[in-house]
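> The chain contents come next:
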Amino acid sequence: MLKLLFFARLREDLNCHEETLPLPDGIATVGELRDHLCQRGDNWQKALHSTGLFVAVEQQVVDWETPLSGSEEVAFFPPVTGG
Amino acid sequence: MILVQEQDFDLQHEYETLRQDGPGIGAIVTFVGLMRDFNDGDNVKSLFLEHYAGMTEKVLANIVNQAKERWQLQAVRIIHRVGELHPSDQIVFVGVSSAHRGDAFAACEFIMDFLKTRAPFWKREQTDQGSRWVDARSSDTDAAQRWNKN
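From first to last, the protein sequence lines stand for chains A and B. Quick note, the first sequence lines up with residues 0 to 82 if you use numbering that gives the first Met the number 0. Quick note, the second sequence lines up with residues 0 to 149 if you use numbering that gives the first Met the number 0.
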């Protein structure tokens with residue numbers, strides 16, 4: 000199972016902090032997972048294409064071509080604002 | 000040492016811990032970031048800091064490792080607070096010890112510049128107009144990028 004995490008503005012816009020999801024058929028990369036999630040509705044489409052969006056796999060920021068095997072922790076979040 | 004915590008920290012205690020780390024230390028540089036009561040022209044009454052537990056600590060450890068590769072450092076201590084904060088509250092502490100001040104100054108600034116642009120923290124602020132997520136600043140990205148040039 001994939002463990003999906005959403006933080007900050009994304010968590011609020013999607014009303015979701017965490018969910019588990021079996022790797023959907025035909026999904027092999029982080030970018031394809033994003034496209035799959037965007038089919039859930041306009042708020043997903045908008046949130047997952049927001050400016051400066053980051054995606055992390057196993058707590059490391061990656062690019063959209065990164066492959067998924069189906070047992071990773073995948074986190075989506077907006078630009079960071081700590082310090 | 001990297002800590003992400005709700006509770007406040009004591010600068011003197013952090014300094015003493017760095018100072019007593021060994022007689023080879025010739026310089027300690029510390030930075031403390033505070034909560035301002037203004038942002039983007041509005042009064043800010045309080046702030047809520049959210050983070051990605053687990054990843055935050057990994058990112059900070061990675062930044063410290065990069066600093067240690069770049070400069071001769073004895074020790075680095077980072078404390079970042081999360082949860083609700085109010086104006087003048089301490090948010091973040093970075094302390095760096097080294098044999099020489101140049102390394103300590105540079106490493107402390109490097110760590111803060113990368114903490115601001117890489118560590119997964121997010122601020123939500125409460126203003127007179129309501130509550131809003133703080134936007135990332137391009138000036139912070141520029142500050143981190145200048146370290147790539149030299």
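Hints are supplied without guarantee of correctness; some may be wrong.
[As the list claims (entries may be wrong)] Simulated restraints, written as ranges between beta carbons of each label pair: (1) B/Gln-89 to A/Gly-51: 51 to 61 Å; (2) A/Arg-39 to B/Val-31: 41 to 51 Å; (3) B/Arg-69 to A/Thr-19: 23 to 33 Å; (4) A/Glu-17 to B/Arg-69: 33 to 43 Å; (5) B/Pro-86 to A/Gln-44: 32 to 42 Å; (6) A/Glu-17 to B/Arg-35: 51 to 61 Å; (7) B/Ala-60 to A/Ser-68: 20 to 30 Å; (8) A/Glu-17 to B/Leu-2: 23 to 33 Å; (9) B/Pro-86 to A/Thr-19: 10 to 20 Å; (10) B/Ala-98 to A/Cys-37: 33 to 43 Å; (11) B/Leu-10 to A/Glu-64: 27 to 37 Å; (12) B/Glu-5 to A/Glu-11: 33 to 43 Å.
[What the hints assert, rightly or not] Here are some chain A residues pointing at chain B (derived, C-beta under 7 Å): (13) Pro-21; (14) Arg-39; (15) Gly-40; (16) Ser-49; (17) Gln-58; (18) Pro-66; (19) Gly-69.
Hints were generated in silico from the structure; no laboratory data involved. Cβ atoms here follow ideal geometry from the backbone N, Cα and C, with glycine treated the same way.
> Go ahead and decide if the range 23 to 33 Å is satisfied by the Cβ distance of A/Glu-17 to B/Leu-2.
This hint holds: roughly 24 Å between Cβ atoms.
> Answer holds if the nearest beta-carbon of chain B is closer than 7 Å to that of A/Gly-40; otherwise answer violated.
21 Å, violated
> Does the Cβ pair B/Ala-60, A/Ser-68 satisfy 20 to 30 Å?
25 Å, holds
> Does the beta carbon distance between A/Glu-17 and B/Arg-69 stay inside 33 to 43 Å, or does it fall outside?
36 Å, holds
> Does the Cβ distance between B/Gln-89 and A/Gly-51 fall inside 51 to 61 Å?
27 Å Cβ-Cβ, so the 51 to 61 Å window is violated.
> Any CB of chain B closer than 7 Å to the CB of A/Gln-58?
4 Å, holds
> Mind checking the hinted window 32 to 42 Å against the Cβ distance between B/Pro-86 and A/Gln-44?
Since the Cβ atoms of B/Pro-86 and A/Gln-44 sit about 38 Å apart, the hinted range of 32 to 42 Å holds.
> Is the hinted range of 10 to 20 Å satisfied by the C-beta distance from B/Pro-86 to A/Thr-19?
Cβ of B/Pro-86 to Cβ of A/Thr-19: about 40 Å, so the range 10 to 20 Å is violated.
> Starting from the range 41 to 51 Å, see whether the pair A/Arg-39 and B/Val-31 falls in it by beta-carbon distance.
43 Å, holds
> At the C-beta level, are B/Arg-69 and A/Thr-19 separated by a distance inside 23 to 33 Å?
Violated: the Cβ-Cβ distance is about 40 Å, outside 23 to 33 Å.
> Please test the hint of 27 to 37 Å on the beta carbon pair from B/Leu-10 and A/Glu-64.
45 Å Cβ-Cβ, so the 27 to 37 Å window is violated.
> Could you check if A/Gly-69 really has its C-beta closer than 7 Å to a C-beta on chain B?
20 Å, violated
Checked against the numbered hints above, the structure breaks hints 1, 3, 6, 9, 10, 11, 12, 13, 14, 15, 16, 18, 19 and satisfies the rest.
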